[in-house]
Amino acid sequence: MSRAALILALAAAPALAEPDAQALERLVKQDCGSCHGLTLRGGLGPDIRAQALGHYEAEGLMSVILDGVPGTAMPPWRPLLSEAEAAWIADYLLNGESE
Amino acid sequence: MSLVRHLFGGAAPAVLRTTPPGYPGPEEAGMTARLHRSRNTPAGGIRHLARALAVGLFALAAPMAQAQATGDLGLVVERASGSLLVVDQSERARIGRIEGLGDLSHASLVYSPDERFAYVFGRDGGLTKVEILEQRIVARVLQAGNSIGGAISDDGRYVAVSNYEPGGVRVFDAGTLDLVADLPTGSKTIGLVDIPGTRFVFSLWDAGETWIADLSGGRPEITKITGMGKNPYDALVTGDGRTYIAGLFGADHLTALDLWQARPTPRVILPGYAQGREGLPVYKMPHLEGWALAGTDFVLPAMGQHELLWVDARSLQESGRTKVHGQPVFAMARPDGRQVWVNFAHPDNDTIQVIDTLTKQVIHQFEPGPGVLHMEFTPRGHEVWLSVRDAGRVMVYDTETFEKLREIEAESPSGIFFTARAHKTGL
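Chains as they are written, first to last, in the numbering used here: chain W, 1 to 99; chain Z, 100 to 526.
Think of the hints as simulated: they come from the structure by calculation, not from any bench.
It is possible that some hints are incorrect.
Here are some, though not all, of the chain W residues that point toward chain Z, as calculated from beta-carbon distances under 10 Å [said to hold, decoys possible]:
id, residue
1, Leu24
2, Arg26
3, Leu27
4, Lys29
5, Gly33
6, Ser34
7, Gly37
8, Arg41
9, Pro75
10, Trp77
11, Arg78
12, Pro79
Quick reminder that beta carbons are idealized off the backbone N, C-alpha and C, glycines included.
The whole structure should be built from the sequences, with the hints applied where relevant.
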């Protein structure tokens, strides 16, 4: 998908009732997985499986996703994700099926 | 070499596959047939297979005098399914699959000097030795919790693995995969390469150091070089083993070492290349490898800028910049150095740009498909293979005409590795 198409797709998503779970799950595995590992056990970035994120509230995690962690390799995803999508990912990481 | 070509090759097969080759799908088979006909050689398909088998049976009666060559074979990592495709570069075909290698996200591999074995470094800390001809796993150890690539020593005796968890490098006997040396670093290690003299070089993400481990005497001797810069994320060594360049995530420059010096000292290159400009988000770390040398310049991906940085290889002074489509991940010089092919981080990873080395201008741009993760040139560069993860395809292109020559089905393909790497320092 080109960047324009992606932005269009993501911009369209909040208008729908639910974020596209399948696309977001794929994004978590493939793209978060670039640093955190396909299984989310960590790589250059830390382990982000549910048991490793116990100290996060959903809202805090959502802001880490949207704004990144300055001074680290965690980038802000706000240019690519809506708040609803970041909230979905935070919930997925804390409560989802990622082991 | 494919089975069909092998059987028609004029000599008897001495090595029989224990795993049958994977045959192409209908579409691929059609392409195979057309291409083969155009070259006036036997084609795929049932009829030809029957002929091949007949000739094969006949050939079996002949003296078994010939071994099967591996010089034009390769392996493609199928990251999600933990398998490797065995491919034939000359035939542009897959000829088998090796399964059971664990988590292969971000996996890489190196070859034994005889190009018969590959050592596969999995993300889950697995080190797996596979036999390419028999298409099987011959040894496998889970050597760490989380690893990120490896290297094989110049003499083929040792395989070293770079680990995130626990941080450090472990060295194994290439024959048995027995542990030979454990080199804890207290830091995530990256940029592990081999250099002449049975030595390995690697860098420490957390500590900003580069270590040289000399295994020529059996027991490792370590030379530590401090002050490489903040958060080296990957590194490369030139084919002569002389220049080691570390890319930095946490600093606005790169750092080079002259490994021919008795006591290499860090040298800052491209200081302040992003100064005064907003750092763009990096959704995937770039990779550095020895293919960065294009003609007389190194071509390096910028960090947080959508550009390539050119550095004169002798003076290490900046020699140009090229604006590109996104955050570059791989900037790979074609083996002759005449072109540089670039892929990009999410969300621009559907695109490839080709840059002319003389003019440093983009001369071609195209979209092979969603998720172009890796490229591998044929050893002399006439063709390039691209992994297009989300299309489930490896695509083969002519590097002069940019014509697509073949699509090969693969499950979430990532790294492509041809056996010719066996003879290259730093790959």
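- Message: Let me make sure I understand: some of the numbered hints might not hold for this structure. Which ones are they, in numerical order?
- Response: 1
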